[in-house]
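Asker: Please arrange chain B on chain A, whose structure you already have, making use of the hints.
Listed in order, the protein sequences are those of chains A and B.
Just so you know, numbering that gives the first Met the number 0 puts 361 at position 362 of the first sequence, and the rest follows in order with no gaps.
Just so you know, numbering that gives the first Met the number 0 puts 271 at position 272 of the second sequence, and the rest follows in order with no gaps.
No lab work stands behind these hints: they were computed from the structure.
Only a predicted model underlies this, so the values are computations on that prediction, with no experimental measurement involved.
One or more hints might be untrue.
[Unchecked claim] Pair ranges (Cβ atoms, derived):
1. A:PHE1067 - B:ASN296: 54 to 60 angstroms
2. B:THR32 - A:ARG290: 54 to 60 angstroms
3. A:LEU1129 - B:GLN117: 57 to 63 angstroms
4. B:GLN117 - A:PHE1067: 38 to 44 angstroms
5. B:SER157 - A:SER106: 32 to 38 angstroms
6. A:LEU1129 - B:GLU120: 23 to 29 angstroms
7. B:THR32 - A:ASP1257: 23 to 29 angstroms
8. B:VAL240 - A:LEU65: 44 to 50 angstroms
9. A:SER106 - B:THR32: 50 to 56 angstroms
10. A:LYS1107 - B:LYS355: 47 to 53 angstroms
11. A:ASP22 - B:THR32: 55 to 61 angstroms
12. B:THR32 - A:GLU890: 56 to 62 angstroms
13. B:VAL240 - A:PHE1067: 54 to 60 angstroms
14. A:LYS1107 - B:SER157: 54 to 60 angstroms
[Unchecked claim] Covered by chain B, per the in silico footprint, the following chain A stretches (three or more residues, Cβ under 8 angstroms):
15. 25–38
16. 320–329
17. 371–381
18. 977–985
19. 1121–1129
20. 1151–1165
Every residue, glycine too, gets a C-beta built ideally from N, C-alpha and C.
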Amino acid sequence: MTWRSPLALVRDALRGQRAREKDLRNLASNLPYEGLERAKQPNCYFPGNAIKTTKYTLLLFIPMNLFEQFHRLANIYFVGLAILNFVPVVSAFQPEVALIPICVVLSLTALKDASEDFRRYQSDRKLNNTPCLIYSRKEQQFIKRHWKDVRVGDFVKVVCNEIVPADLLLLHTSDPSGVCHIETSNLDGEINLKQRKMMSGVCISDPEFEPESFNSAVVCEKPNNNLNHFKCYVEKPNKEKVGAGIESLLLRGCTVRNTDHAVGFVVYAGHETKAMLNNKGPRYKRSKLERKLNTDVIFCVILLFTMCLIGALGHFLWLQALPGVPPYLVPDGNGHLDSPSLSGFYMFFTMIILLQILIPISLYVSIELVKIGQIFFITNDIDLHDEGTDSRVQCKALNITEDLGQIEYIFSDKTGTLTENKMVFRRCSIMGTEYAHKENAIRLAVLDVPESEEEVIFNQQPRPPRIGWSLDTEDSNPEDTRHHHDNRRKSKVTGNAQSDAAFSSLLEAVVIPDRTLLQQISRAESSSSSRNIDPHLDFFLGLAICNTVVVSVATAQRQRVSGVSRSDQTSNPLDTLSSLVKKSGSRQHFFTSWQHKPKKNRTISEDSVEEEDHVKPPVKIEGSGETNKLHTCSLHAPSQCDKSAMTPDNLSYEAESPDEAALVYAAKAYGFTLLARTPDSVTVRLPSGEDLVFQVLDTLTFDYNRKRMSVLVRHPITKEYVLYTKGADHAIMELLATPYAEHLSGKQKNIAADTQYHLDGYAKEGLRTLCFTKKVVSDKAYESWSVNRQRALAAIDNREELVMDTAVQLETDLSLLGATGIEDRLQESVPETIMALREAGIQVWVLTGDKTETAVNIGYACRLLEEEDLVINMSCGNKFAFTSMLDCTLEEVRRFSEDPRNVDTTQNISLVIDGHTLTLALSSDLQKRFVDLAKRCRTVLCCRVTPLQKSRVVTVVREKLNVMTLAVGDGANDVSMIQAADVGIGISGQEGMQAVMASDFAISRFKHLKKLLLVHGHWCYTRLASMIIYFFYKNVAYVNLLFWHQFLCGFSGTAMIDYWLMIFFNLFFTSVPPIMFGIMDKDVSAEMLLGVPELYRTGQGTGEYTFKTFWISMLDAFYQSLVCFFIPYLAYQDSDIDVFTFGTPLNTISFFTILLHLSIEIKAWTVVHWVIMLGSVALYFIVTLAYSAICVTCNPPSNPYWILQRQMADPMFYLLCIITTVVALLPRYMFHVLRNSIAPSPLVKARHLDRLDPSTRDQCMKMWRSFRGIAQVKPSRLSTPPSPTLETPVDIHPHSPTTFDIMWDERHH
Amino acid sequence: MMASSYNAKDEDGHITVSGPGGGTLRSKKPENTAFKQQRLPAWQPILTAGTVLPAFFIIGLLFIPIGIGLFVTSNNIKEFEVDYTGVDMSSPCFNCSQNFSWNSTKPCTCTIPFYLDQPYESNVYVYYGLSNFYQNHRRYVKSRDDSQLNGDVNSLMSPSKECEPYAFHENKPIAPCGAIANSMFNDTLELFYNDPNGTRIPIPLNTTGIAWWTDKHVKFGNPGGNNPNLTAAFQGTTKPVNWRRPVYELDADPGNNGFINEDFIVWMRTAALPTFRKLYRIINKKSSMVPTLPRGNYTLEVVYNYPVRSFEGRKRVILSTISWMGGKNPFLGIAYITVGSVCFFLGVVLLIIHHKCGNRNNSADISN
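Chain A with its partners taken away, still in its complex shape (with noise of 0.2 angstroms):
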């Protein structure tokens, strides 16, 4: 580089700084000027690809971290301290040792810092060093660089499965479409495939791509972190613009899918991409019991002064007292003795120097310690890890883990996390009627049996002609039935492994087609002409049509498996698969027999399904044929998009809700097959085999106040305008067009009130509805809206508004085609884990947007609700109706609760409100009242709720009852109660990352939300409550030696306790007992914690660490120190002692307290504990003899020297060692003792229980539950229905046991 004035470096910088922060930008290609040096290049302003994450460099490390640690409020009370200690006439020690302690937390905490900024470098250049390729105008082609060199300007060609190395305006793509499919898995979580337009025009592209013909300008907005949304456009020589959003943005981080090649131009590059604009640092968020810690912290800080104004106080008094000048007093340099008020008041600093440890330095940095050792231990727990995604339950936030351990209330989706969110195709009602879809349930039915049993029901089924439809009908051979069971076995691999393969697990991707259905279909296809279409074949084109679902090729995705390793957090079916190869590796013969043919078409037979021979909806088996495939062919790049590759067997359908992909496998199951989904088409497969291609015009996306979304094709044949759109039933049944059932025939007038009779039917089967509607748009009123539409896309301010309305003014008057029941099935454990969560003393509340019906037959599915309960049933139109109707509630359930009759019963009851009414109950001046009544009831199930009140409903019950609350989900809809609650838990499922990345902790199945709380949850509390109180005890009652000393020295402040020693003893011979302690103590084992969720209850609400157990740790430290210092005082009362010769004993005296009063509070003795308490030992007496042997003058004035080695020579010493100790420690043991004895608590019976072998323990446990259990399961009805008078009576009744029981059978066989 050239040299160059300091005047044109600052020029050039400033001109760099304006061009940055220009609200648009100018770029242009740099393929004109490469080769020229870097200054005179038209993009050199923007920074380059290269990233830098780290925090520190190498030179400004010390000062930076300094800076960033003096933040803590602590730190710089501490180093303040050691300053004051360089006054001389407060200095209580040597100043240059005083820095010590501060010395030694400060850089332990730089430690860490460093080696995580290490870490950051090391994925830093890893990531700078990717190689990606680069067009470069010399080689007249696309060269091989790294990452880092990419820059604003440039030409980047990213090939399939590669990563996106920059923000990237797609040029050119190598389908012929112009699309190119990306996965944003790694910005977002979603693994689902989306698509992105190139620009065209702007290049010469045919046939081959020539980035040098590139001479328009590109004008882009200034960056920002938002993902979804991008403003450019690209000005040609001829002043020609052309706009592009995000649509034709590839965004840095992204994977390329199914494409085989794309060329981008650098819009942003490096810290500029709105990848790295979004990467925000980790979340912090305070504990509960950090919180209460630190007001303990200022107890301790009062406590401070008030022994150091006594320290003042007493040297002024002692001074004032002394009748001369003593040869002991010693004068300042120039004689000069201070008067006892000053000599007070500088002693008043002096005690804060010498007592200063009464404020644990180190507690904090203990507490950072000891939580990553309980991470460590919770990430590694081996039942948190899901085998069907590999995945570890992961710690986001690092410094919440005792949190776990004191939730009271529990809020949880339903979707997703209760259930598996795998979304099986069930039956549904088409004109009014209903189609049930038996064989499928059966089907499903099936599947749920464990395996043994399935087989014998397989071996002994002889086909009965009841079930019209089966797999094998074609050829009958043996190997094909093997192949069936196979089929059966390999579903319930899936269904096993928790697999999050939701697109093409087995279970949604095959349907059963309904017998009667499919005759329907076929003779409405024969009779239907072409202009007017069967309502039937209508329904099942919407299905096929009206959603978001990405086609692609089962060959052509998925082949990352060997690509790329993934991150912690995308778990996607991926693992789920190649977990599924492996296992299938035992069952070899099977596999074969699968590569022999597994494309192979089987259709219905005929002789099963006589009428229409003509129909041969294919059977797909899309599991199975991509995981063998998976197997064969993964190194390719393969990625055809010919539309002759597309059998439909090989199809396998991405959607962003497993609803989506459900219903497109429904309608594939009775012929409509979607065969490909290009933004302007969609291309689908009609029974007859003919293949329509709809135009689209456009999608009306799904959102949360419409709660529908609409597709509007033009029909290719009738060439209409066609909305078909879909949705939840209380948004579509309104938007219903009356006139137009009104010239209809009688019959089919009901078809509305038919299909709301059925969609009731679902939901109280807990089933998922969805309606199913048409119109038919006229031309003109296209033209029109169109305008609209159009006017609305472009708009700037408030954009989503006006899109939204035109959606709306759209979805009018639309024509009921049919509705569907999905059924979303409980996840494993389910009603296992509410239960025990439930007798660990949580409230569970579910907020769910479904159907109150939905909701209410999950709750009874999956225990929250019991057949016994008093379901309170809230749903208010009203305020004042509501208000009433609350009071009366409340009254009813406040007498309820103190008659004496229901003592054991009050938790029965439940409530379920619904989100229009939760809005009532939420407002200002009625919260109060609903939370009063919600905090009576057991459960409290809110339907129909909208993401944000979901998080007010959290925020309401953690405000008002001072709660710790708990909220899990799974969706993005979640995402803003897991923020609300105190602990988020994300549930890495089927419906992206979002919650998962907002979350503190993510799981990977609701079951394991048991393990966490009552196991580890517990633990962690326990152990860090028992630590930190231990800890302040450990200070107190070693600062304490050195205070009492004080009223025998005049209040002169000194520490008879070497000061090395003093750090050493807190530094090194006390520090890792406690650590360890608050890493590894156990008070109950795993198995006790989950056999009797009631042990949760101990860390609930205030817990064990509480002002009380605070307080009295501390009285506890002042007597022990008080034993510690005044025996060995007794007992060398006017003898020749010295000053440290009398502070040895004390000091080992107080060791070996601090360490058995530990000794006592650890309650399962392992290995580690054994070691590090006796290495603790160990230390001290080689520490401190080496010390006092070798430091004859080193550190005056205590002049260690040999006074151990004496001190340890002398019985004395042990004598006063062994009775100082038992004196310390016996109130405390023995108050640990007569509780144990007299009233033990149930984590001592607990601990009593584990003692046991495991049979008798298991007896014991299952006693102790059903004990409980008894008391809370008794049955009880309210005396008095309340007031029917009410306009909206508040529907109180025992839910009757049928439906439940109906629910039973169908979710349990």
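Answerer: This is chain B only, laid out in the frame that chain A set:
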């Protein structure tokens, strides 16, 4: 692998960065080891009346005999103490105590007669005791220079600032510097046995063996090592203000002179408590036949130099035999007996509790 996930991954400490095309799929399943799964075999003691009973009885049974032993040992120690401060008019040292001056040239002597009603059989240790003397005052304790005392020549000539204001006098470094040395106890005590026939027999007092061996031989040393000419070694220094003689004239015996003078070393070991005694002399036992100090009348002759009126202090002389546990102090014995009894008593209480509640615990009746 991706830029956007640093934060998340940093937090849980599992960074998996790998470029496209690299990396293998490794299971994240945690290792099933006893340590990681927190299943290490553990000893889980539960403190209940039943389990701790033996401990209490053992403590009781051990402590009581130890206590009795200590008590008896302490009681066997013979100790005689005489206060010679001279506060009372009647006291022979009253006059001496009244005219206080550190530098008075005329020594004031007082004679205190006393009677020992028991013969002292073994070695007798002669202590002087001071009360209300805060040798443990923070600034006093610091006011010394250990390297000077160790014989360091540099420190001898330029004492550390800790010694201020007793570091220099008339521009000469003080040896030994500091307030401790300056305030050294300078009374001379002599002991005479008044033979029944009237003669005063002086009792030989041993001046050596009263300081710690390590102090005398390691920590303290004269400048110039074993240079016998101490006067030369201390050339250029001056004596502490309150002293009458320079440090090299403390004793005639060259092995007990200068910084390694044992009286000086003993004084430099600052006492922990405001009332203390310091070993002054040892009266060695001459033969097994005669007691070291037979019963009879004695005279203590004190050259009264040390002023204690400024802090209302007391001066005592203590004659004491010692045992393995040091001087006379019944406290430890009593403490052991008390604690032993308390533990025994608590053991009995626990036994009762154990019988009343223990059965309930041990049975499977956990549901109460």
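Asker: The structure should be examined with respect to each hint, and the outcome stated for every one.
Answerer: Each hint, compared with the structure:
no. : hint                                     : result
1   : A:PHE1067 - B:ASN296: 54 to 60 angstroms : holds, 59 angstroms
2   : B:THR32 - A:ARG290: 54 to 60 angstroms   : violated, 36 angstroms
3   : A:LEU1129 - B:GLN117: 57 to 63 angstroms : violated, 26 angstroms
4   : B:GLN117 - A:PHE1067: 38 to 44 angstroms : violated, 51 angstroms
5   : B:SER157 - A:SER106: 32 to 38 angstroms  : holds, 35 angstroms
6   : A:LEU1129 - B:GLU120: 23 to 29 angstroms : holds, 28 angstroms
7   : B:THR32 - A:ASP1257: 23 to 29 angstroms  : holds, 25 angstroms
8   : B:VAL240 - A:LEU65: 44 to 50 angstroms   : holds, 47 angstroms
9   : A:SER106 - B:THR32: 50 to 56 angstroms   : violated, 32 angstroms
10  : A:LYS1107 - B:LYS355: 47 to 53 angstroms : violated, 27 angstroms
11  : A:ASP22 - B:THR32: 55 to 61 angstroms    : holds, 58 angstroms
12  : B:THR32 - A:GLU890: 56 to 62 angstroms   : holds, 58 angstroms
13  : B:VAL240 - A:PHE1067: 54 to 60 angstroms : violated, 43 angstroms
14  : A:LYS1107 - B:SER157: 54 to 60 angstroms : holds, 58 angstroms
15  : 25–38                                    : violated (count 0)
16  : 320–329                                  : holds (count 9)
17  : 371–381                                  : holds (count 6)
18  : 977–985                                  : violated (count 0)
19  : 1121–1129                                : holds (count 3)
20  : 1151–1165                                : holds (count 5)
In the structure shown, a violation is registered for the earlier hints numbered 2, 3, 4, 9, 10, 13, 15 and 18, in ascending order.
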